[in-house]
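Assembly of the complex is requested from the two constituent chains, each provided in isolation within its own frame, with the hints serving as guidance.
First to last, the sequence lines map onto chains A and B.
As numbered in the working numbering, residues 1 to 112 make up the first sequence, in order.
As numbered in the working numbering, residues 1 to 111 make up the second sequence, in order.
Be aware that a few hints might be false.
Claimed, not checked - Okay, derived cross-link-like pairs now, DSSO-like style, lysine-lysine, Cα gap no bigger than 30 Å in a straight line: (1) B:Lys42 / B:Lys94; (2) B:Lys98 / B:Lys56; (3) A:Lys71 / A:Lys11; (4) A:Lys11 / A:Lys57; (5) B:Lys71 / B:Lys94; (6) A:Lys71 / B:Lys94; (7) A:Lys14 / A:Lys57; (8) B:Lys98 / B:Lys42; (9) B:Lys68 / B:Lys56; (10) B:Lys71 / A:Lys11; (11) B:Lys98 / A:Lys71; (12) B:Lys94 / B:Lys68; (13) A:Lys11 / B:Lys42; (14) B:Lys71 / B:Lys56; (15) A:Lys57 / B:Lys98; (16) A:Lys71 / A:Lys57; (17) B:Lys94 / B:Lys56; (18) A:Lys11 / B:Lys98; (19) B:Lys42 / B:Lys56; (20) B:Lys42 / A:Lys14; (21) A:Lys71 / B:Lys42; (22) B:Lys56 / A:Lys57; (23) B:Lys68 / B:Lys98; (24) A:Lys57 / B:Lys71; (25) B:Lys98 / B:Lys71.
Just so you know, these hints were derived from the structure itself, not from any lab.
Take a look at the letters that make up each chain.
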Amino acid sequence: DTGVSQDPRHKITKRGQNVTFRCDPISEHNRLYWYRQTLGQGPEFLTYFQNEAQLEKSRLLSDRFSAERPKGSFSTLEIQRTEQGDSAMYLCASSLDDTEAFFGQGTRLTVV
Amino acid sequence: GESVGLHLPTLSVQEGDNSIINCAYSNSASDYFIWYKQESGKGPQFIIDIRSNMDKRQGQRVTVLLNKTVKHLSLQIAATQPGDSAVYFCAENKGDYKLSFGAGTTVTVRA
Chain A
1 DTGVSQDPRH KITKRGQNVT FRCDPISEHN RLYWYRQTLG QGPEFLTYFQ NEAQLEKSRL
61 LSDRFSAERP KGSFSTLEIQ RTEQGDSAMY LCASSLDDTE AFFGQGTRLT VV
Chain B
1 GESVGLHLPT LSVQEGDNSI INCAYSNSAS DYFIWYKQES GKGPQFIIDI RSNMDKRQGQ
61 RVTVLLNKTV KHLSLQIAAT QPGDSAVYFC AENKGDYKLS FGAGTTVTVR A
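Chain B with its partners taken away, still in its complex shape (with noise of 0.2 Å):
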């Protein structure tokens, strides 16, 4: 089964707001967390990672946060754009980068 697993299948956001999409997992072993992006017809893009030795990751109007008590992590994109509509997978590495994705959570960002 999936070892990470998305809370909600679909979010929609005003444009300009602020974006969360959560995610859980079920191994507390797990160590190497990665979202991805996908937009329709394309494959996965990568956004940001983050490792079991942090808590929280910062990139270009995204931020990761990783609970690792209640293993879970989030994804928060400032100042959502319309750009931004795509669907968002959390995934595991495994080790060597092989990855288990979960669901994905659809965002729609609303003019």
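Only chain A is shown next, with the shape it has when bound in the complex (with noise of 0.2 Å):
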């Protein structure tokens, strides 16, 4: 499968706890993208790469999120001490320079 892989698919944690998810986008892309995703809404952006470059952060994202791509590659979203309000499916997507962005399967975060 060379699409885009997201781990873990479910995540139940603690309110108070620190969770860590990983998105490994397509190969050959630069531009990797972090959304989230409430039920029964859209996708909502919260920040984007360019290789190991972060370019923007939404002002969804609080001081307690955290997005790395360290080497240009794979990508880390963190969230320190879970709220409840945390709670949702985190999806992402990556894109060759301007072109179509595919989107991985998610990552369902329950905070409970």
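Here's what the structure looks like:
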């Protein structure tokens, strides 16, 4: 499978714990995006990378959220001190420059 | 707030009939729109896109129409099949493929 891969697919955590998600983009894609999707809503843009550089962060990305793409390949999204409002599907997408973005299947986070 | 929005949250269609999903946008300067399909438990999947220099674009069984005068776009699916049951989103490309999605229309195909 050469599509966008996300791990884990599901994560249940207790409020206050830290969680980290991983995204492996399509290999030749230089751009990588993170989105968050809550139930019944469309995805909301969080941040994106061009190679290893994080170019933009949405106002939705509070200080508890941090994303990295250290070598310009895979990316991680960490949420510190999780809150119940963080429960959502976290989607990763990748693209080659300004062409079609392909989405992964997402990581569903439940904070209890 | 959202820059794109859908008219109806749900659509029920008979198998074999055509489906039409509508979307409105607010910014007259918007110039690139994309339709996505999302099946349960999966990420959004690209269907078709259209830029503002076009009024119509066709793909396999799908057509997107863009009316810049009233800031409206639609997705038409011909001969709807059970596999077309999903949530459909219109999205605006805000530049660098940063996407602003609407809330989605759930399409249910009746056998």
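Quick rundown of the hints versus the structure:
no.: 1; hint: B:Lys42 / B:Lys94; in the structure: 23 Å, holds
no.: 2; hint: B:Lys98 / B:Lys56; in the structure: 23 Å, holds
no.: 3; hint: A:Lys71 / A:Lys11; in the structure: 25 Å, holds
no.: 4; hint: A:Lys11 / A:Lys57; in the structure: 23 Å, holds
no.: 5; hint: B:Lys71 / B:Lys94; in the structure: 16 Å, holds
no.: 6; hint: A:Lys71 / B:Lys94; in the structure: 26 Å, holds
no.: 7; hint: A:Lys14 / A:Lys57; in the structure: 26 Å, holds
no.: 8; hint: B:Lys98 / B:Lys42; in the structure: 20 Å, holds
no.: 9; hint: B:Lys68 / B:Lys56; in the structure: 11 Å, holds
no.: 10; hint: B:Lys71 / A:Lys11; in the structure: 40 Å, violated
no.: 11; hint: B:Lys98 / A:Lys71; in the structure: 21 Å, holds
no.: 12; hint: B:Lys94 / B:Lys68; in the structure: 17 Å, holds
no.: 13; hint: A:Lys11 / B:Lys42; in the structure: 16 Å, holds
no.: 14; hint: B:Lys71 / B:Lys56; in the structure: 14 Å, holds
no.: 15; hint: A:Lys57 / B:Lys98; in the structure: 11 Å, holds
no.: 16; hint: A:Lys71 / A:Lys57; in the structure: 19 Å, holds
no.: 17; hint: B:Lys94 / B:Lys56; in the structure: 20 Å, holds
no.: 18; hint: A:Lys11 / B:Lys98; in the structure: 26 Å, holds
no.: 19; hint: B:Lys42 / B:Lys56; in the structure: 28 Å, holds
no.: 20; hint: B:Lys42 / A:Lys14; in the structure: 25 Å, holds
no.: 21; hint: A:Lys71 / B:Lys42; in the structure: 27 Å, holds
no.: 22; hint: B:Lys56 / A:Lys57; in the structure: 33 Å, violated
no.: 23; hint: B:Lys68 / B:Lys98; in the structure: 21 Å, holds
no.: 24; hint: A:Lys57 / B:Lys71; in the structure: 28 Å, holds
no.: 25; hint: B:Lys98 / B:Lys71; in the structure: 20 Å, holds
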